[in-house]
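Just need the whole structure built from these sequences, with the hints factored in.
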Amino acid sequence: MSQGRLPPGRLPPGRLPPGRLPDAGPTSRVYFSQRLRMHYVDWGNPDAPPLILLHGGRDHCRNWDWVAADLRRDYHVICPDLRGHGDSAWSASGSYSMANYIYDLAQLIHQQGLAPVTIVAHSLGGNIALRYTGIYPDNVARLVAIEGLGPGPRSHAEADRLPMDERMRRWIDEQRANAGRQPRRYPSLEAAYARMQEENKHLTPAQALHLTQYGVNQNEDGTYSWKFDHYVRVWPPYDMTREAIAGLWGAITCPTLLVYGTESWATNPAEDGRLAHFRNARVLAVPKAGHWVHHDQLAFFLREVRAFLAA
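In my numbering, the protein residues as written are 81 to 391.
Derived from the structure by calculation, the hints contain no laboratory data. One thing to keep in mind: the hints can contain errors.
Claimed, not checked - Below are the EDC-like pairs computed for lysine to aspartate or glutamate, each with C-alpha atoms no more than 20 Å apart in a straight line:
#1 Lys307 x Glu343
#2 Lys307 x Asp167
#3 Lys368 x Glu278
#4 Lys281 x Glu343
What follows is the structure, encoded as structure tokens:
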């Protein structure tokens, strides 16, 4: 079988990747935040310490299945879908701000009585979790952020130099473009699967199939589209300042593990100066891994995270 392509009408065998998934999967549940119907999956073991797994942009809660299947033995694992992602509702306005994402996480933790909770989060989810923890430091016991700091300081400095009128014009243009954009339709599950492999070449065929099956909806005409709202691609024109975000990092009191893949676009926080903003954090570099560290090096990631959580 060639990488990124399946023979017509065929899918890879349903074998399980390393980190075998159990026969009994998680239970789907719902909570509400700012009138939106939000979805999460609960892996059971409710008497164990709570642990939230928070996905990144354009992902979904089931991308954590291999991690959750392992950690469920010792933790009460909960995996939410961000608003506009997976099986959570889309924003009616098409606007997705960090403040709204943080509120959704705050609501889940508050409504379910999860504090103090351990959080493992990836990319956009990591950004949300880091800021939430700075706002509510007593609510988080331990935090693992996989490439959740965003682009390096140099990229942020260039963006911050743009005057507000130019930022607003760019945002309005992007919103207008999205208004006329229809979700991409794939003629078959195989075609969506091929796109998944193209996006992350570290994935095994079984991983790519699993992520595709849970990441698409079938349209009325039989085609398939990704579940996420394409408006989530548009970053708001204004956000917290770099100084304010760094201040939230500095307010985090729990042990924190900042993870990045050596083959990713992310920079090393220990080298670019961002680690210095944290009180109690260390950096973990994961070799032979891209942006999705928890997929690319699952066994290594689980071993290191378990050691960190148990320390």
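Indices of hints not satisfied (ascending): Hint check: 1 fails alone, others pass.
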